[in-house]
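Using the sequences and the hints, build the whole thing.
In order, the protein sequences belong to chains A and B. 420 is the number that this note's numbering gives to position 420 of the first sequence; each next residue is one higher, with no gaps. 103 is the number that this note's numbering gives to position 103 of the second sequence; each next residue is one higher, with no gaps.
Hints are computed from structural coordinates only; laboratory data are not their basis. Errors might be hidden in some of the hints.
If the Cβ cut is set under 8 Å, some of the chain A residues that face chain B in the computed set are [as the list claims (entries may be wrong)]:
id, residue
1, Lys15
2, Val16
3, Arg163
4, Ser310
Pairs of lysine to any residue residues, derived as SDA-like cross-links and limited to a Cα-Cα distance of at most 20 Å, are as follows [what the hints assert, rightly or not]:
id, chain 1, residue 1, chain 2, residue 2
5, A, Lys15, B, Gly135
6, A, Lys393, A, Leu382
7, A, Lys33, B, Lys297
8, A, Lys199, B, Arg6
9, B, Lys320, B, Asp53
10, B, Lys77, A, Leu63
11, A, Lys20, B, Ser300
12, A, Lys66, B, Pro63
For clarity, every value in this text was computed on a predicted model and none was experimentally measured. Ideal Cβ placement from N, Cα and C applies to all residues, glycine included.
The residues making up each chain are set out below.
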Amino acid sequence: MAIEIEKPSSVRLSKVAISKTHGEDSPYFAGWKAYDENPYDEIHNQSGVIQMGLAENQVSFDLLEKYLEEHHEVSSWGKGAPGFRENALFQDYHGLKSFRQAMANFMEQIRGGKAKFDPDRIVLTAGATAANELLTFILADPGDALLVPTPYYPGFDRDLRWRTGVKIVPIHCNSSNNFQITPEALEAAYQSAESMDLKVRGILITNPSNPLGSTIQSSVLNDILDFAAHKNIHLVSDEIYSGSTFSPSEFVSIAEILRNRNYKDAERVHIVYSLSKDLGLPGFRVGTIYSYNDDVVTTARRMSSFTLISSQTQHLLACMLSNHEFTQNYIKTNRERLNKRYDMIIQGLKKAGIECLKGNAGLFCWMNLSPLLNEPTRQGELELWNIILNQVKLNISPGSSCHCSEPGWFRVCFANMSEQTLRVALQRIHKFMEQRKVCSVNQ
Amino acid sequence: MGLLSRKATCNTHGQDSSYFLGWQEYEKNPYNEVNNPNGIIQMGLAENQLCLDLLEPWLMKNPDALGLKRDGISIFKELALFQDYNGFPAFKRALVDFMGEIRGNKVSFDPNHVVLTAGATSANETLMFCLADQGDAFLLPTPYYPGFDRDLRWRTGVEIVPIHCTSSNGFKVTLPAIEQAYRQAQKRKLRVKGVLITNPSNPLGTTMARDELDLLINFIEDRQIHLISDEIYSGTVFTSPSFVSVMEVLKDRNLDQTQVWERVHIVYSLSKDLGLPGFRVGAIYSNDPVVVSAATKMSSFGLVSSQTQYLLSAMLLDKKFTKEYMAENHKRLQKQQKDLVSGLEKAGIRCLDSNAGLFCWVDMRHLLKSNTFEAEMELWQKIVYHVKINISPGSSCHCIEPGWFRVCFANMSESTLKLAIQRLKSFVSSIGMKSQSHQELKSLRRKARNNWVFRLSLQSFYDREQDTTTKVSFSYRPHFMSLSNIAATLDAAA
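Printed below as a string of structure tokens:
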């Protein structure tokens, strides 16, 4: 009988498959596991872990459900399903024209008409996750680098780097100026990449920012674009939270900046958008790339073959987003409700003696717990995080998972739960802070 | 400015727009029974349109599935939030049951080994990312689906080395051919990570015989490499021999607890069997937990819409419906294929004996002016322009024998098929009138030279995009005479 020589699977699988760049071993995911094992439930498990690490928007579902109730035909291609056949066969990577038109309109409405979008520049992808990876494949070669301001969405480590082989070089931001991106920080990041022999191909910003929950100011956007032009690199603006700005006037899109400059340098700018946050539909996998660069549009469209949006879903959303009455009302109401939630959590945290970064957008706030750290280090932050997870039973995201250079900051989500659950979470935080005061007094 | 990555600027996407003929001509002048009876009939698109009328009444009878309700109660919120890359459990269960049914329940599948992806396009690419590094190679029997050149190579940097099959034995895979391909890869300093087969075959329309599958299993066992079996057409087997999946052969040979079991992976999709390419439903099935784990994480880049997962879980769980559907599907496919084969026979054109797929592999070698790919192109142009039918030339599928064409039959009505056959019949008889056709050919050549710059011999048609024809790179050079104005680049660089 032949001796079976055990070959390690690394010989058989790719380097990509066995690498850890998917990032699922970070604390970001470990918290989710703790939640999965003991999830809070208003009725059945009141002592469970409350999930505050998931940036989902659940505050406006009733508006969507009402629309669907009143418009049955959008889910079913009409009576007798005459459109079904055509829709089921439709796999054109250009995407449904009506859907692209509706997306363009929706994006314009979110920006209060301050920017115009051409439906033929919209490339559809299965979610922003796919859009960001796709753009990276197009704009950079393996071994090249993208500059990303910290703190940033932990998923970027996987989305931008895993299969593409591209590296992320951080643009360090800190609390001294509310974590704004400065020209000095941009230059420092660029130099840092150069010193590591990495070719910088672009900058990727998230505006409004995740995890900061704040919009980027006009002047900063101009600085960033100028920097990109000067270095002859690309600028990707992930505007996935653009519809979640509490006050419409406070969000300035890079599209608006370009318009104001008569589209000078536009060919290096690409916008990513998705319906996962603003409409609360992450399950439907709807992302887009909007590029002012024809070559990027053409290539992205071809690449989107690997990640097309279900035509069934395109049809549903084309109908929904073409309904102006619905979208106007949705955008306005969603903003108001998110604002209300934000106020609620900020007030609650303030009462507990906790400060947050001043925010104006998103589904989370950026909380400062640095005064509570045993030591001002990543280790100290993780220790505190563990206490909050296991004792206070709240899953929040530690700043280190977002590559924040200052320990002690945490991202806390508020839109993925009911108001009642949020109250419970705030009560727990309050109690925790009270206990700490008592402890420190007794020492 | 304008600095894009090498991937963005290379031609491996295969869609160079300098050559427009087939697809664009169809787009300009599409046949329509009522509005444009003289237009070009599309026989280059492998779509199954024969049974959509069976799906429509099912949808009407199951409003909950469409309306995102469960027992009349809205579950919209649950679905809208569902983005778990492990997939909708009910859907995976329904899918594996369906896959088992297709294989006569001779194999059963574990839903935990399934990874859902946005179409087989995504599944194939994802498997490449999991199994091979940039610069590695996979062996593929020719002729093969032109889309593989993009799907397997473009972003992954993986190479394809062909296993050449010929009409001498019905295009079956032989051991010498596989070994020759392996040696070729070694010559090119490429590390072979596996073999990828499409079973049933596109473009041949045939199922693989057990001995072929045995051969392949032995080979991958011996070389310690992977085997991917793209079984996207498994539900289109309309007559004997019945479909034998590679999984069945492994089981029958008691190899299911051995190492080789973990190196065989299946790709599936609902685009062909159910005729739902727009819904983007693909799957990878693997017995290697590391592959399942990595592929699952990668599927984040191409998840199936939860709205669609829900609809299809309801549909596939209706076992009575799927049984009836598949039976009727086979019946209609068989009839349509028979009509095409017998119609072509009457025109003196033979097809490879086929029992599956949405197309026939048609032998038009006797209609070529010479046994060259240039002659194949000439014939193809004539068929597009004069006969007004768009079909896929064998060269686009990397076939090494000129004169074979893939002709699709499942994307049209019976009457359209009849018309297409009629046109071909007239064309063949007109070829008999030699002198006249020779003049036509000369003027056609002039037309071609004057109007277009096109890349010869490497055109391929994607079954999917309604876009231009593609430029595809080869690992060997077909011999052909160059005409002026033809830019024939055989660009092997990725």
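Quick rundown of the hints versus the structure:
Taken as an interface hint, A/Lys15 checks out: its beta carbon lies about 5 Å from the nearest beta carbon of chain B, inside 8 Å. A least Cβ separation of about 5 Å between A/Val16 and chain B falls short of the 8 Å threshold, and the interface hint therefore holds. Taken as an interface hint, A/Arg163 checks out: its beta carbon lies about 5 Å from the nearest beta carbon of chain B, inside 8 Å. Checking A/Ser310 against chain B: minimum C-beta separation of about 4 Å stays under 8 Å; hint holds.
Proposed proximity of A/Lys15 and B/Gly135 is supported: the alpha carbons are some 12 Å apart, at most 20 Å. Between A/Lys393 and A/Leu382 the alpha-carbon distance is near 15 Å, which keeps this suggested pair within the 20 Å criterion. For the hint linking A/Lys33 to B/Lys297, the alpha-carbon distance of about 16 Å falls within 20 Å, and the restraint holds. With a CA separation close to 14 Å, the supplied pair A/Lys199 and B/Arg6 stays within the 20 Å bound.
Between the alpha carbons of B/Lys320 and B/Asp53 the distance comes to roughly 17 Å, so the proposed pair stays at or under 20 Å and holds. For the proposed pair B/Lys77 and A/Leu63, the alpha carbon gap of about 11 Å is at most 20 Å, so the pair holds. In summary, the hint linking A/Lys20 to B/Ser300 is supported, as the alpha carbons are separated by about 15 Å, within the 20 Å threshold. Distance restraint check for A/Lys66 and B/Pro63: the Cα-Cα separation of roughly 17 Å lies within the 20 Å cut-off, and the hinted pair is therefore satisfied.
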